[in-house]
Structure formats: C-alpha cells, structure tokens
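Trainee: Note that the protein sequences, when read in sequence, are chains A and B. This note's numbering puts the first sequence at residues 1 to 256. This note's numbering puts the second sequence at residues 257 to 777.
It should be emphasised that the hints constitute simulated quantities derived from the structure, not laboratory data. Keep in mind that this is a model prediction, so the values were computed, not measured. Where is the CB? At the ideal position from N, CA and C, for every residue including glycine. Hints should not be assumed to be uniformly reliable.
Now the in silico label distances, taken between C-beta atoms and shown as ranges [as the list claims (entries may be wrong)]:
id : chain 1 : residue 1 : chain 2 : residue 2 : range
1  : A       : 134       : B       : 366       : 42 to 52 Å
2  : B       : 439       : A       : 108       : 37 to 47 Å
3  : A       : 147       : B       : 357       : 53 to 63 Å
4  : B       : 327       : A       : 144       : 38 to 48 Å
5  : A       : 52        : B       : 676       : 34 to 44 Å
6  : B       : 694       : A       : 134       : 51 to 61 Å
Just some of the chain A residues that point at chain B, by a computed CB distance under 8 Å [to be verified]:
id : residue
7  : 72
8  : 102
9  : 141
Take a look at the letters that make up each chain.
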Amino acid sequence: MLSIKNLHVQIEGNKILNGLDLDVEPGMIHAIMGPNGSGKSTLASVLAGREEYEVLEGEITFKGQDLLELGPDERAREGLFLAFQYPVELPGVSMSNFLKEAVNSVREHRGLPPLSSAEFLKDMKEKAALVDLNPDLKRRSVNEGFSGGEKKRNEIFQLAMLDPTLAILDETDSGLDIDALRIVADGVNKLRDENRSFVVITHYQRLLNYIVPDVVHVLLNGRIVKSGTKDLALQLEEKGYDWLKSEIELSEPTTA
Amino acid sequence: MYPGAIVDSERRLNLNKRNNRYFKLEIDFSALPPFNDMDETKYLQSVADSEYEYGFVTEIDADTAPKGLSEDTVRLISSKKGEPEWMLDWRLRAFRHWQKLAEKEAYPRWAHLDYPDIDFQDVSYYSAPNSKPKYESLDEVDPELLRTFDRLGISLQEQKRLTGVAVDIVMDSVSVATTFKDELEKQGIIFCSFGEAIEKHPELVKKYIGSVVPYSDNFYACLNSAVFSDGSFCYIPEGVRCPMELSTYFRINEAGTGQFERTLIVAEKGSYVSYLEGCTAPMRDENQLHAAVVEIIAMEDAEVKYSTIQNWYPGDKNGKGGIYNFVTKRGICEGDNAKISWTQLETGSSITWKYPSVILKGDNTTGEFYSVAFTKNKQQADTGTKMIHLGKNSSSTIISKGISAGESNNSYRGLVKINKKAQGARNFSQCDSLLLGDRCGAHTFPYIEIDNSTAQVEHEATTSKVGEDQIFYCNSRGIGEAEAVKLIVNGFCKEILAELPMEFAVEAQKLLAIELEGSVG
C-alpha cells in the first residue's frame with residue numbers, strides 16, 4: 001500500500017525528516033506518535049504533496065506508484081486522503097459544490113460516471129450521519145463558521161465521501177472534547193475495512209483508546225525510532241518521550 | 257489626493273500608445289441551460305476552455321457616418337434618425353457644451369486609469385444596419401444577423417418561448433427586433449428603442465431626458481448627449497408590476513464606429529421593473545470607445561432593479577485592442593419609499609470607468625449597488641457608485657467585490673454623501689478585493705461626506721489573496737488547480753451573483769469561468 005524508504009525532507013533550509021522508513025499494509029491502522037517538532041505534520045504534508053516541503057532523498061511508493069511524481073490532486077484521485085489538522089475555510093463555496101467537484105473528479109479518475117444529484121445528496125446525507133453532522137451543512141460554506149469540533153468531523157465526513165484507500169489523520173484529536181473525540185473515532189472505525197489503511201498522527205495516547213491501531217511508531221528527530229503494538233502508546237503515556245530519547249541516545253550516540 | 261484612500265497594493269501600468277480607432281456593436285447571448293446548483297461546476301468546466309468566445313464580426317451592410325465630430329455630424333445623426341427639432345436642439349446644446357469641455361481637455365483624469373488620449377475626430381459617430389424597416393416577425397430579419405445570434409448561442413424564438421424574456425436587440429445603433437411588445441402593451445408598459453420613443457412618446461422623452469444625467473454632467477455623458485445613436489426606453493405605468501425581465505443586449509459591431517447608447521427608464525408610482533443589460537463584443541485590434549448613459553427615474557413606492565453583465569472585448573494579453581468603456585449610470589428615487597438597485601458583473605473592456613449611482617431624494621428611499629469587477633492581463637477598472645442621500649431615513653447598501661489577476665488594476669471608488677436634511681440616513685458599504693498572483697493591483701477609494709449627525713455610515717474593506725492553503729485544500733480533495741480557483745472566486749462573488757436574475761447568474765458564472773482561464777499561476 002504505502003512504502004516510505006529513507007525519506008529526508010527539509011523546509012526553508014531546516015531538515016525535518018532524517019531517513020524515515022515506514023510500510024503500511026492494506027487494512028492496517030498505523031499510529032505515529034511523537035513530541036512537538038519531531039516531524040509528524042511534515043510527514044503528513046509530504047505525503048499529501050505540499051510544495052513547500054523539499055524531498056532531498058528517499059522514495060515513497062503508493063500502490064506501486066512513485067508518489068512523489070504525482071501532484072497533490074492526482075494523489076487524492078489515486079486514493080490518498082489527508083484529514084487536516086487545521087481545515088481551511090473556503091468562504092462562499094458551498095459544501096455540496098465543493099464535494100461534488102471533488103467526488104466527481106475522483107470518480108472520473110476511477111472510470112466511474114459522475115453521481116447524479118439525487119445519488120450525491122443521498123450519499124452526503126448518509127455519510128454526514130456517520131459523524132453526526134447536520135445534513136443541512138450542504139448549504140454551508142466549507143469550514144466557514146464551523147466550530148472546532150465540526151471542522152474535524154467535517155474532515156472525516158469528507159474522508160467518507162471520497163472513499164480513499166489510504167487516509168492520513170493529522171492530529172485529528174487536537175482541540176476536541178471527549179464527546180467529539182468519540183464521535184470522530186466512531187466515524188473512523190465505521191470506515192475501517194480490509195482495503196483501507198489509516199495513518200493516525202497524534203500527540204496523545206487518548207485517541208488510540210478509541211481508534212485501536214495495529215502498529216504504533218514513535219517519531220523522534222525525523223526518524224521512526226521505535227515501533228510496537230498499542231501497548232507502546234500506553235508506555236509512552238506513562239513515561240513520556242524523554243524515556244525514549246535517553247534510550248536512543250544510549251544506543252545511537254551519533255544520531256543527528 | 258483621494259481622501260480616505262486605502263491603497264492595498266499597487267502597480268502602475270505602461271500602456272503603449274496605440275492607434276485610436278473605435279467601433280462598436282452590440283448583442284446578447286442567453287439561451288442558457290437552466291440554472292442548476294448541482295451542475296454549476298461542471299458547467300463552468302465545459303465552457304472554460306475558450307479564448308474570447310464572442311470575437312467575430314457580422315458582415316451586414318451598414319450605413320456609417322464618416323469619421324469626425326462637428327455640428328454637421330450631430331445634424332446628420334439627428335436627420336438620419338428623422339428626429340424632431342427639439343431633439344436636435346438638445347443634441348446641439350450638448351455638442352456646444354462638449355466642444356468647450358474638449359477645448360479645455362476636461363477629460364476626467366482623476367480615475368486610477370492609465371490610457372493614451374483619445375482622438376475624438378478619429379471616431380465615426382453613427383452606424384446603422386441598412387435594412388432599416390421594422391420587422392413583424394423574425395423571418396424578415398437579415399439572415400446574417402440571425403446567424404450572428406446563432407453563433408452566440410441564442411435563438412430569439414427559443415428565448416421568446418422558453419425564457420419569458422422580452423428582448424430589445426440593439427445591433428449597432430438601431431433596434432432591429434423587439435419581442436413581447438404586444439404583451440407589454442396590454443399593461444401599458446412601453447419598451448422600445450430610444451428612437452421609437454422619440455417618435456411615439458415625445459412628451460415622455462422630453463420630460464425625462466437629461467433629468468438625472470444632464471448633458472453637462474461630465475465629459476463622456478456630454479459626448480453621448482450630442483451623438484447618442486440609439487438605446488432603450490422603458491416606461492412602467494402607475495401600479496404596474498412588469499411581468500417579465502426586460503432585457504437589452506448590446507454588441508459592438510461596425511469597425512471604426514463609435515456607439516453611444518442611451519437608456520431611459522421611468523417607473524411610475526407603485527410600479528416595479530427588473531431590467532437586464534448584457535454585452536459581448538467581437539475581437540478587434542483597435543480600441544473602441546463606448547460612452548453610454550443610463551437614467552432611471554423611480555417615483556413614489558416604485559422599484560427598479562437594473563442588472564448588467566459587461567463582457568466587452570478586454571484586449572489581448574498585452575492589452576492591445578479592447579473597449580474603452582466610459583459609462584454614466586444614475587437613478588433617482590424621486591418619490592418616497594422608492595428603490596433602485598444596480599447589480600453588475602464587469603469582466604470586459606480594457607478600460608472601465610463606471611459609477612452607477614442613486615440619488616435618494618424621497619424619504620425612506622433605498623439605493624443598492626452590488627458589483628463584481630474582474631480584471632486580468634492589462635485591464636484597468638475604476639468602478640463603484642455614488643449614493644446621494646437627500647431624503648429622511650434613506651438607506652443605501654454597497655457591496656463591491658473586485659478580483660484582480662495578471663497585471664491588471666482594479667479600483668473601487670465610491671461616494672456616500674449624506675445631505676444635511678437627510679435625517680436618519682444609513683449606509684453600509686463593504687468592499688472586498690481578491691488578488692490572483694502578485695503583479696496585479698487592488699485599490700479602494702471610499703469617499704464619505706456627512707452633513708447630518710444622525711446618519712449611520714459603516715464601511716468595511718478587506719483584501720485577500722487566493723491562498724495557497726485554500727488551493728492545496730481543494731487539491732487534497734482531488735480538485736485541480738484551475739477548478740479550485742474557480743470555486744474560490746465563485747464563492748467570493750456568491751452574494752453578488754445571487755442578486756442577479758437566475759439566467760443572468762448562470763451567464764455570470766460562465767463569464768467568470770472563461771475569464772479565470774489562464775489567469776492563475
């Protein structure tokens with residue numbers, strides 16, 4: 001599904017990722033944890049195709065294709081989805097127009113006919129229910145006037161609409177109260193299936209109580225320094241990242 | 257120089273000196289697919305791949321005056337049109353005033369526009385299709401003219417049958433076909449060419465012409481008053497609600513012919529009319545001069561809604577060619593509770609100089625101005641409105657959206673004037689600018705003059721760039737860059753487009769889509 005090898009990335013001259021390796025198999029949920037500045041969001045941005053990030057070295061293949069060769073819109077059409085940490089507002093652009101454009105460009109790429117208005121609206125209604133969004137949202141402007149929780153639910157709603165094979169959740173739990181967190185996690189769990197993989201990026205173990213990962217990775221200084229089961233997340237919660245930092249410094253004193 | 261000027265960003269243009277030869281012609285389009293919210297984006301996509309779509313010249317045998325402007329020219333125009341003495345006199349008074357202005361070179365130079373001086377002697381001031389007689393049916397109309405309409409995607413029959421829009425077509429300077437007239441006549445509504453109005457309703461024309469925009473108003477209005485070729489006249493009797501949208505479509509046709517439209521709309525007490533004006537012009541290499549005048553009179557309790565789509569040839573990528581559009585549009589809310597609304601989408605012309613205004617004379621009157629102005633390449637627009645509050649509790653709303661791309665300059669210029677007797681007057685102004693790229697300019701010049709302390713005047717202004725973040729967000733959902741920009745721009749203009757009648761709203765989106773092509777990046 002997704003294979004990242006020896007990825008080195010910089011932005012504005014600052015090296016953020018330093019030889020990151022990651023393999024995600026179909027149907028798996030991988031959690032990526034790490035302290036502030038460890039490169040989590042950079043990883044999400046590079047995967048989604050943000051231009052400002054410069055890939056210095058390494059390769060990313062997605063479903064057998066060189067991901068770095070594709071523009072961000074092409075990646076989305078190929079089935080990669082990024083749930084934004086800070087969803088962007090598009091004043092005056094209605095959710096229905098926005099999503100219809102998105103859904104139909106994805107469908108076209110997959111050789112499917114565009115949805116009729118009736119099918120589209122029905123789909124919107126069903127998917128909105130997954131994350132408990134008011135179906136009236138179709139008339140609202142994209143993310144404009146949405147509360148913090150609504151914005152995050154809106155991301156998962158769009159995920160459902162676009163039916164990707166790989167979804168990256170970039171700190172989807174940040175800024176959510178416990179009820180909203182549960183709604184978002186429930187939505188994600190309903191969207192789990194054997195063909196769809198998730199990369200869940202988070203600071204906190206809390207989200208992983210609801211979205212149970214198959215693998216947990218710890219990102220430090222731009223590399224994955226430790227991988228394990230969901231128990232690793234619990235360990236981190238208990239001991240903090242400093243525990244790992246010292247462990248790594250002991251074993252790899254030359255790490256940049 | 258401009259009180260209260262907020263210059264958001266600025267870049268001066270160097271326009272090359274050009275041959276100044278003008279011509280113009282007019283028409284329309286409008287056999288549009290029904291508006292459907294769900295299909296709009298696809299629709300945009302389908303039309304978004306052309307250069308200037310309406311650039312062609314109809315070869316119709318035309319009767320064109322030699323170039324140059326003198327008293328003889330004015331007399332020639334008047335006699336060609338078989339006008340009565342009083343009309344000629346009015347024209348001549350205007351011409352003599354214009355001569356004085358021209359001697360003083362009293363061109364309006366205060367606008368944020370840069371273009372070479374116009375040689376007014378190098379313009380032809382009259383052109384009419386030769387097949388002059390009025391037609392009873394379309395079968396009698398010059399087939400070449402009908403083919404023009406076909407190329408523009410309209411069929412008059414279809415329009416009559418499907419849209420319920422009566423169309424008074426001004427092809428060059430003479431109206432060649434008027435539809436739905438009988439139906440309107442039954443209600444006492446007069447909707448005809450200006451020439452016909454002079455002939456058949458002289459008392460009305462005499463009474464109202466120049467009553468809102470006097471010939472001495474400004475340089476271009478004065479020129480128009482001397483040489484106006486034709487235009488439209490509309491009269492809604494007391495208490496009548498006009499049952500359909502009245503629409504006039506203009507198209508500039510004859511090479512080297514100046515055309516000077518004049519429109520007069522009178523809405524009697526308690527009446528209502530919605531009036532549409534839409535324009536496209538064929539592609540040309542020379543600059544073309546357009547100086548129109550529109551006057552609206554709304555009596556007590558009357559309401560006039562005037563909507564415009566202006567899509568004249570904007571010139572090529574280097575600014576060559578394109579229409580010079582100097583327009584004076586003004587309405588007066590003469591009686592209490594009257595209302596006048598201007599809605600405009602300006603995407604065309606190389607130079608736009610236009611300030612549709614409302615004089616709020618009666619008490620409790622309402623003036624509205626909703627505008628989207630889009631400029632790209634080297635286009636320059638200086639447009640806005642004037643709201644003159646004289647009556648008590650008069651209120652006005654101004655919402656202006658400027659979109660600049662390429663190396664264009666887009667200025668909003670508006671005056672809100674509250675007279676000392678306008679107790680309790682209110683105004684709300686909102687001017688938003690959107691920049692596409694970093695070589696264009698957006699400017700806001702709001703003027704506010706308040707002589708009454710009870711007035712409430714609010715002004716909001718924003719400038720934003722279409723953000724990389726917004727485009728990336730769309731991209732990450734599978735939407736390509738061009739489509740993303742269209743979505744964002746349409747969103748930006750949404751509240752203005754919503755003011756347009758439905759068929760016009762579709763046209764507006766179509767034009768925006770075409771204009772946006774290639775203006776990103």
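Trainee: Take the hints in turn and mark each one as holding or not.
Mentor: Outcome of the hint check:
no.: 1; hint: 134/A - 366/B: 42 to 52 Å; verdict: holds (51 Å)
no.: 2; hint: 439/B - 108/A: 37 to 47 Å; verdict: holds (45 Å)
no.: 3; hint: 147/A - 357/B: 53 to 63 Å; verdict: holds (59 Å)
no.: 4; hint: 327/B - 144/A: 38 to 48 Å; verdict: violated (60 Å)
no.: 5; hint: 52/A - 676/B: 34 to 44 Å; verdict: violated (56 Å)
no.: 6; hint: 694/B - 134/A: 51 to 61 Å; verdict: violated (39 Å)
no.: 7; hint: 72; verdict: holds (4 Å)
no.: 8; hint: 102; verdict: holds (4 Å)
no.: 9; hint: 141; verdict: holds (7 Å)
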